[in-house]
Each structure stands twice: as structure tokens, then as C-alpha cells.
Amino acid sequence: MSLLRKVMSGFVLFVSLFIGSLCAAEPEYSTLNLRPGVTENSQRVFDLHMEVVWIMLAVAGLVFAAILFAVIRFRKSNHPTPAKFSHSTTLEIIWTVIPILILAYLAKPAIGLLLDMEDTTKADMSVKVTGKQWYWEYEYLDSSVKFASRLSTPVEVYDNRNNEPVEKGENYLLEVDNELVLPVGKKIRFLLTSSDVIHSWWMPDFAVKMDAIPGFVNETWTRIDKPGVYRGVCAELCGALHGFMPIVVRALPQAEYDQWVETKLAEKAEAERLAAEAAAKNWSMEDLMAKGKEVYDAKCAMCHQKGGEGLGAFPALKGSKIAIESDKIDEHINIIVLGKNMMPKFGEELTDAEIAAVVTYERNAWGNDTKDVVQPARVTELKAGN
Amino acid sequence: MSEKVEKPTNYYVPEQSKLPIIGSVGLFVTVLGAGNYIHNTTGVVKAEEGSLPSIMASMGPYILAIGAFIIFYLMWKWWSTAARESMANMNSAQLDRSYRQGMMWFITSEVMFFAAFFGALWYIRVFALPWLGGEGVDGHKAMTAVLEWPGFQNLWPLTVTPQEAKDGAGASFSAMGAFGLPAINTAILLTSSWTLTIAHHALIDRNRPTLILFTWLTALLGAIFLCLQAYEYYHAYVDLGLTMGSGIYGSTFFMLTGFHGLHVTIGTIFLIVLSIRCSKGHFTPENHFAYEAGAWYWHFVDVVWLFLFVFVYAI
Amino acid sequence: MAHDHHPTGISRWLFTTNHKDIGSMYLWFSFIMFLIGGLMALLIRAELFMPGLQFFEPNFFNSLTTLHGLIMVFGAVMPAFVGLANWLIPMQIGAPDMALPRMNNFSFWILPFAFSLLLLSLVPQLFPDGPPNFGWTFYAPLSTKYGPASTDFFIFGVHLMGISSIMGAINVIVTVFNMRAPGMTLMKMPMFVWTWVITAFLLIMVMPVLAGAVTMMLTDRHFGTSFFDAAGGGDPVMFQHIFWFFGHPEVYIMILPAFGIASHIIPTFSRKPLFGYASMVYATASIAFLSFVVWAHHMFTVGMPVAGELYFMIATMIIAVPTGVKIFNWVATMWKGSITFETPMLFALAFVVLFTLGGVSGVMLAMTPVDKQYHDTYFVVAHFHYVLFPGAIFGTIAAVYYWLPKWTGNMYNETLGKIHFWFSIIAVNITFFPMHFSGLAGMQRRVPDYNMMFEGFNQLSSIGAFMLGFGQLLFLYIVINCVKGGKGKATDQVWEGAEGLEFTHLPSPAPYHSFEQAPEVK
Ligand code: HEA
Ligand code: HEA
Ligand code: CUA
Ligand SMILES: [Cu+2]
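Residue numbers (my numbering), protein chains in the order written: chain C, 207 to 592; chain F, -14 to 300; chain Y, 173 to 694.
Taking lysine-lysine pairs in the DSS-like style, the calculated list, with each CA pair at most 25 Å apart, reads:
#	chain 1	residue 1	chain 2	residue 2
1	F	LYS151	C	LYS551
2	Y	LYS659	C	LYS282
3	F	LYS151	C	LYS589
4	C	LYS290	Y	LYS360
5	F	LYS151	C	LYS334
6	C	LYS551	Y	LYS317
7	Y	LYS590	C	LYS282
8	C	LYS505	Y	LYS317
9	Y	LYS508	C	LYS282
10	F	LYS151	C	LYS546
11	Y	LYS317	F	LYS151
12	Y	LYS317	C	LYS546
In case anyone wonders, no lab produced these hints; they're calculated from the structure.
Just so we're clear, the structure is a prediction, and the values are computed from it rather than from any experiment.
So here's chain C without its partners, still in its complex pose (with noise of 0.2 Å):
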């Protein structure tokens, strides 16, 4: 039996490394342990967390030291006569009751902190999050921002399967190209949604988990203590690239901020004049085709791969029909427009410089030689009948 001593002692060496590797975890971005965070909520949250993990700990090693002084003590060479007894009312209602206190204890401060994470009211700001297959987009309701927020990280530097082995950064999944930001010392209000199936908005730093629904509105808050930037991911299952819809929050102080929304709201007006001067000029052959990749890349390599290939439900443009056949081109603008099942819709997104570009590098690129040109107009114009 001495083999099993040697496991049971494996045993209580795995557990107490286990305990042994909390206590020496790093605070931040720990490999073993929830992050403490950045909010007064995230703390409390780790807080009881490390308060259950401990007395879970403790009973669960209460009932192995049992199990292991049993199985030492009363092993048949050592206690050949077992003893006859079959039950015991005054212990059986000690290990009722005991249990029933220990859970009381933990139960009291977790409501406590859940009424408190989930009371919204009183927000200084309201941020609308919408989930899409496979991005957030943000609109912050109050100043009237709005865009969209993708993985920057280019696909051969995550998909080792057809390219050559890239070095990928520390946070290679966890880089967005629009981040969303926010103040500091603000009551925050998030209001969840979804414009296809169920997402779920994590920011671990906050200790916000909160599902984003189609056709509901969930609401969820934070209030951030430190400026920096903040990493999460989507974690409800939401289809093939679930695993690449990142969340990435940049933290500033209130000035720093509202210098930003300023900024972002001249960008806008800006990119409004020139998405109208674009849509009205007749662009040449090659501008529409740099274009037309750049965004290709960007926004639609993801599902149709970067030579147009397709992938599994997303169909090839390289030699499909819609691509290839003249008759077919506003069929071609429509679909980018209005989207189509898991084709998302871009009307919106895209200017319609950008649409006609992508269309004409659609049909004229990896082969597809249509030399057809499309020019904004026609995407406004079908915009319009639509």
C-alpha cells in the first residue's frame, strides 16, 4: 500500500502547490489567477473570490485529510476486525448544519456585491455595444460616436496552417484597430444588444460579463480607477470566429478623453466631406482597385480569404457568378449592402466610395478579369431604391 501513500502525498504536494502558486501569482495578468482589476467592483469580485477559493480549499482538504488518515489508519493490515456501527443521527445533522453555515457565511457578502454590480442606475455616460458576427461596434450615446472594432491581427500571423510560421505578439488575439475609450471616474453604462446571435461582452478588469442579445437591450456599468488599456474577449459562442472578436478598452483621464471625443468628432465630420466628395468623383481603374483591396483586406479577407478562396459556409468570390457575370453587378452591390443570412450588412459601415471600390476589386481581382469599373453613384443610386 505504500504506492498509495506515495499518491495521496502527490496529492496534498499538488494541492498545496496549488495554493503555494496563488499566493506567489503576480497581481496583474496572472497566468493562475483571476486579476484583481481596476474598478471597486473587480476587487470585491476578487476579493470573495479568493475568500471562497480558500475556505473551498479548506474543505476540500478537510475531507481528503479524512479520506487519507481512513485509508492509512483502518487499511485491513493495519485494522484487520472493522467495526460494525451504520449510523450516527448527532453526526449526520453536524454535517448538515456546518455546511448550511459555511454557505450562509459566503452567500451574505456575494449578495451584497451582486446587488451592487448590478444596479445601473445613476450613469454619467451611456456606451450602446453591439455585438456582430465578428466585431463590437460602439456608439457612445451620449456624444454620438460610433464605429466598429475589429481584430487588427492579420490572419497568417494566427492561422499556421497555410503560411509560414509568424512571430506572434504577447497579445496577437488581443488587438483591436478601433479601441474603444472611455473616462476615468465615470459611472459607465453599457447597453448590450446584438444584430445576430448571442455575443457576450467580457472586460475581466471590470469584472463585467454581460451577454449581448438580439433584440434585447441588457444593461451592465463600471467605473474605471487607473488609465491604461484593458483586454477581453467575447465568451458567449457565437459562430466560426468566436474566438477572434477581442475587446480592447483604453482608460484616460476625463481631459485626455474629452479631447478625444472632440477629435473623433471632427474625424467624423471630415470623413462625412470626403466620403461625399468620393461618392460624387468618377475614379480611375487602379484607385478603385488600391482601395478596393485595402478594405478587402481589412474587412472581408477574414470570411473570404485573402485570394478569394472562400472558407467552408463563406462562399469563393474568385470565380462565383455574382463576381464574374455583368449582368450581375448590382445583385453584387446589393448583397454588400443589405448582407445576406451570415453576410453581414455593410451599407452603413462602408462609404459608397468604398463599396464601388471593393466591388471593382471583387471582379477584377485573383483572376476575376471582367474589367468592369464601378463608381460610387451607382452604389448611391441603389442605396437610394432601396
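Following the hints, put chains F and Y with the ligands in place on chain C, whose structure we already have.
The following block gives chains F and Y with the ligands in isolation, referenced to the frame of chain C:
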């Protein structure tokens, strides 16, 4: 299996049987057919003409028909075997109890099947629709109506869905009233429960003519109920514009009444078989498990209807 | 009266009405499913060995996760328990067979067909858009509006499995209520029988609800209903409520019979009667009752009203109390016993220890405010594999070692059994313990790729998984070896301390029809 046997005292384990495997194959073929049939009619299969999936889809109806035939054959065989065994006195009192308890638990599972749909109806009416209609409290779903469904009002029967309200469309159908056909149907089912009870008592009192008459009468009431329900559906689709696609009202309405109707159909067939068996003198006051099973089933269908009448039609 | 000629060949298995034959078929079926589901787990672990996409498209990875979960839950664990019920319940209550033998055969033979429907979806020629890919929980609308074509066959597969489970459950309940030997009162029934009656009751209550859920999915997909679509007045979250009303009792369906098994093995090898029999029965019943009223603890992030969250948190935590009673009773059974460590006992001990570990992480998950951090991370994956692998699977393995000599008349190879045990327990911890860490540190579930910081623990998990998987092939060998003769004949009592009708009243191997005449139970 048909040798004459005296009432067994120890337990009867039936010998090998081909029925279960036939049934399993039948179920498999049926659902294979049903799935492909659905794909055929709804065009889910995006595959090229002539490819395997589209060939399968186009064969769906035939596969389904074969499956249904196997199932029908199986049920016929299974129950006639069971009836033969029962009449050959092969079933001990213990086995008789097993059958009864088995039937009871089967009905329990049926109750839970309906509970899923009633649960859906209650959840929708108590939680989902108020939230969609802007009755969420501050801090909890209060913004749903504002941001997602402007203009939507939570009124039951829900003749304007959130999407329709948002698009500014008007009511697309009218709801089914409670006090026309449904009330008549309630009366019919209640009466049928009563006639069935009379028949059952007649069985116990060895009153054959009454037994046969009232069992037939019950089956007939069941059939009338079904005809009226068919007419009700016709009325809904043609006059009221109420279909399965009529938002959540149409969904719950047709799901609940539809599955109930299916059960009435099964029950009615059951009663017809029982009536025939009554005429053939299959049942004795001591030995009539099948009759009781049918009666329980019918009462269960009846009680479900009462719930339907209250929750689907009346309130 | 009973038919003693022993049918042979394939027709023996196809047409059988014998509880032992059917039990064997269930057990073999479940083992095959375990290997297939396990193979998928190994593919998952291979993909997760390194950051970056190694082998699979993300979509296919999701399919692997989905099929792994579904096959393990519905194909491996549940049929294994039904198989054990078939073998053991008639022997333990002194009956010749199950109450409804033909239905028994029916409920088995549905299963291979149901699972071929599911596995057919892996054939790309039939399903170009791939197998189900929405997780074993198949939340709407990912499974309704966005599900691939194979979803419809998945739905019908679930219907068939439900029919099978309900028939199996009815059979167990009726057998137990109706076929006990004279003198076998309810409170004298062996614990395995008790846990199975309660499990059967759970099955009858929840499988129809699952059938209802998939039926609504089907009509939402193809017949225009809008149960799970807000645009028509429905609610996607309603799907989750209905699913978990089934799903939570389902997880106890996967553990209660294992509790019963431990309650036989621990007393036998402690040579001491089970401590607190009555409280074991009541605790099991309370767990079953509570399992109906805690379902939404899987949904703490869907945005329930806060009162609901509080209620579900507290109700869930209470389950720890009756479960604790069971754990403590087992410890008290060993206390002052005279313990030996044959393979079944080793697995039963590991079951108690590691289930406790999985149970306490369950209590952590039950606490709503912290679950908002744990939910949908590998911490949850760690929790449920601890209660499922060393719980349900070790329980089943322990049962097979314990009763195999009774079934076959031969002793298995004890040395190999011990090797199997030590190998498994080490591998299971290497596989699943690190998942606690990666989950807490922020790795979400159901992803084919992860950040650099999680690399170490994932590699550990992957290595453990392959050890664990290949370790189970040894189990296969031991069982086949035992069926073929093993280490010589087993005695009728098999184990020194074994009690119960199957050991005291029946020879080894047990006769084809267990009790032709009911034994007298005192
Ligand atoms: C066999 C299966 C099984 C079992 C038995 C359990 C048992 C328990 N489970 Fe688990 N669970 C699953 C299978 C199981 N679970 C699965 C599969 C999932 C994931 C589903 C999915 O999303 O895919 C899940 C997920 C899951 C969640 C959701 C997590 C999330 O997604 O966010 C929660 C939350 O409450 C939970 C809680 C519990 C609790 C409280 C128990 C309790 O029953 C545990 C009770 C046991 C003990 C507590 C240990 C022994 C007791 C003592 C020694 C007494 C003293 C103890 C104390 C005082 C604490 N489980
Ligand atoms: C009883 C249930 C059970 C069991 C036993 C297991 C066993 C295992 N599970 Fe599983 N698991 C689940 C139930 C179970 N799991 C569920 C319900 C989910 C959730 C699914 C979801 O999210 O929807 C899940 C999810 C899940 C994940 C998360 C996936 C994700 O989120 O993307 C992972 C990742 O590591 C995993 C790993 C493993 C491993 C390594 C094993 C190992 O124990 C496996 C051991 C391996 C073998 C036993 C294979 C032996 C076979 C061979 C050696 C080859 C021979 C084969 C043939 C000839 C066919 N499981
Ligand atoms: Cu979005 Cu997962
Ligand atoms: Cu649960």
C-alpha cells in the same frame, strides 16, 4: 408464442422479438425522410443540382413514406401481439401492473412535453413581451423598447409583432376568439370524458351493449372535435390571416393546439380500436388493461385541452 | 415457463429480450461512443497544443467541441448507466428480468440509429456546410437561424434519443416498483437501485422538455414560428431557460448512478455496512428535487432580473448540503473499517476525492458575482470535467471492475487494473487541473486559438489528454481479457466483503435469467 398457457404464476419473459429492431429502423427511416423532406420544401440545401444532398432532399418524401409505413406496420404488429398475449392469458397480475405503471409514467412524460410549450407561453407573456414593450424597470432591460423596438406595444393577443411595429405595419391577422368553436370543442371533449366513464363502468358491470355504444360515441366525439379543429385552422389561415408565422401568438397557438390535436388523433384511433375490440369481446372486468390505458390517455388529452382553453384562448 | 434455449448468432443480439444481453449491448455501445467522443477531445487538444490555428478551420473546431460534448453526454455516460441498470437491477432486487423486456430492446436499438444520424453529419458529401457547430447546449439563434443543414438531423437525433431514454427510464421505474422479491421493501433496496429510480424519474421529467425545445427549434428554422426571435415577440433567452430546465437535472442524471455505485464498493472493501443508508436515500432525493429549481445558474450573464439571480444562486448553493451528506457518509463508512485496495475501490476512492474537488468548484460557480468572471471560461470546463470524468466515468469504470467477475465468472487481471488506475488518475489531473488556471487567467471556452500567456497550461492539458486517452485502451484490453478467461474463475461472492443478492444468491457467472424463482429477502 400462441400456444395455450395457463395463467402464469412466475414471471413471463417474452421470447425474442423482431419488433423492436423493426421499430428502430422505422424511426430512423422516418426521421431521415422527414429531414430531407423539410430540406426539399424549404430549399435549405444550397447544393448544386444533382449533388448528393439535393438528391437526398428530393427523395425525402418517399423515404418518409417508407418510414411511416414501417412504423405503422410495427404498431399494428406490436399491439396485436400484446392483445393476443393478453387474451391468451399470458400476462400475470404482475405484468398487468407493469403495463399500467408503464402507461402512467408514459403519460407523465407527455405531461412534461406539453409543459415545455405551456412554459414557453407563460415565459413569453410574463417576461419577454413586457420587456420588449418597454416595461423593463430602470436598470434592467428598460432600454430594449427605446433602442430596438420603438413603437411596439405589448398587447395580448399580439397581433402586431415588434418587427411589424418598428416597420410601421399594422396588425397582420386577427386572433382566435374563445367563445365560438373553442367553447363548443370544450363541451365536446368534456362530454366525451363523460361518455367514456359511462362506458368504463359498463365494462366493469359486464354491460356489453352500453360499453360498445358509449365507446363508439366517445370516439365519434373525438372525431367531431377533430373536424371542428380542422375547420378552425382553415378559418384561421383563410379568414383571420392567422398562421404559424404570425409572430409569437401564432407560434404558441399552433404549437399548443397542434400537438394537442395530434394527441386527440392518436386518442381517437386508440378509441376506435378499443371499440372494435369491445365488439369482439376482448375485455373482461378483470382483464382490460388496454381499455384503461386508452381511458387514461383520453382523460389526459381532455385535461390538456382545459389548460389550453384557459391559457391559449381565454386569457 | 422461461425460455432457456440460448439464442446465438447475430439474431441473439438483434431480437433479444434478455436484460443481460441488452445491458452488454448498452455497455459496448457506450464504450465505442466514449472512444469516438474521446477521439474528438484528442483532436481538440491537438489543435489547442499551441497558439495559432494548427489543423482545423475554426468552424470545424466548433463542430468538434459540439460533437464531443453531445457524444460524451448522450452517447457515453447515459447509455453506460442504462447498461449497468440493465445488468444489475434485476439481480439486485431478485427479479428474473426487466419488467418490459421488449421495450427494453427497443430503447437500446434506437440509440445506434440516433447516433448515426449525428455522425452522418461529418460526411461532407452529404452536408457541405458541416456538422452541428453550436456547442452541446445549442443556443438559439446560433442553432436556429444560423445552424447548418445538418442541424435538422441533429434535432431528429435528439428526438430519438429522448424516446430511447424515456422508455429506458420507464422500464427501470416499473421494474423497481413492481418486480422486487418478497421482503425487499423500498428501504432495503440497494443504493444503486435507489439512485437509479431517482435518475429514471429525472429522465421522465426532463427528456420530454428537451424534445419540446428541439421541436421549437425545428419550427423556428422551417415553419415560420418565432419562439426564439425577438422580432416576432419571442426571446432567445427562453431557449436557454428551457434547455437548462432539462440540462441541469441532466448533469445529476450523469452522477446519481455513480453515487449508487460508490455506495456499494466502499462498504465492500471497507468490510463495513454503508453508513447512514436512510440519509443517503433522502440526500439523493433532495438533490434530485433541488435539481429542478436551480437551472438558471448556467445563465448568470444573460441579464436576468436581480431577484432571479439571487434566488438561483442560493438555491444552487444549497445542493452542496445533501451532496456533502453523501461524501461524509462514505468517509464514515470507511472509518474503523478494514480497508483493502482492489481496483474498484481505488476508482471509487478517486471518485470521492476528485468529485469533491469538482463539487467545490461548482459551489464557486454558483456564486453569481464571481461566476460573472468564471462563466464560459476554462474554469467551467475544469469544473465539469472533474465531476464528469473522475465522477461519472470513474464511477462506471469502478462498477465494471466490481461486477465484471460476477458477469463473466472470471477475475480480471488485478495488476493491469491497478496500472490502469494509477495511469488514469495521474493523467486526468494533468489534463484537467491546469484548466482551472487558464480559465481564471482569462481563457474563454470554445475557441480554437488562445493567447501566448495560456500556452504552458494548454500544453500540459494536451499531454495529459493523450495519456488519458491511450490509458483507456488498456481498460479495453483488460475487459476483453477478462471475458476470455482472465485470471481464472471468480467465486460466487467474488469479493470478501460483498453483499447484496447478486453476490449472495447467484453463482458467477450469473445465469441467463437471473432469478427464476424470487429469493426471500429478510
Ligand atoms: C456530473 C455532472 C455535474 C455535477 C454533479 C455538477 C455539480 C454541481 N455544479 Fe456543475 N456543471 C456541469 C456538470 C455537473 N455539475 C456541467 C456539464 C456544466 C457546464 C455546462 C455547460 O455550460 O456546457 C456545469 C456548470 C455549472 C455551473 C454554471 C457555470 C457557468 O457556466 O458559469 C454552475 C453554477 O452554479 C454549476 C454548479 C454546480 C454545483 C453547485 C454542483 C453541486 O452539485 C456540487 C456539490 C458538491 C460539493 C459541494 C462537494 C461535496 C460537498 C461537501 C464536501 C460538503 C461541504 C461543502 C461545502 C460547505 C461547500 N455547474
Ligand atoms: C462525460 C463527459 C465528458 C468526458 C468523459 C470528456 C472527456 C474529455 N474532454 Fe470534454 N467536454 C464535455 C464532456 C466530457 N468530456 C462537455 C459536455 C463539453 C462541453 C462541450 C461544449 O462546449 O459544447 C466538453 C468540452 C471539452 C473541452 C472544451 C472545448 C472547447 O471549449 O472548445 C475540452 C478541451 O480540452 C475537452 C477535453 C476533454 C478531454 C481531453 C477528455 C478526455 O478525457 C478524453 C480521453 C480520450 C479518450 C477516451 C479517447 C481514447 C481514444 C483513442 C485513444 C483513439 C481510439 C479511437 C478510435 C478507434 C475511435 N472537453
Ligand atoms: Cu462573439 Cu463570441
Ligand atoms: Cu447546472
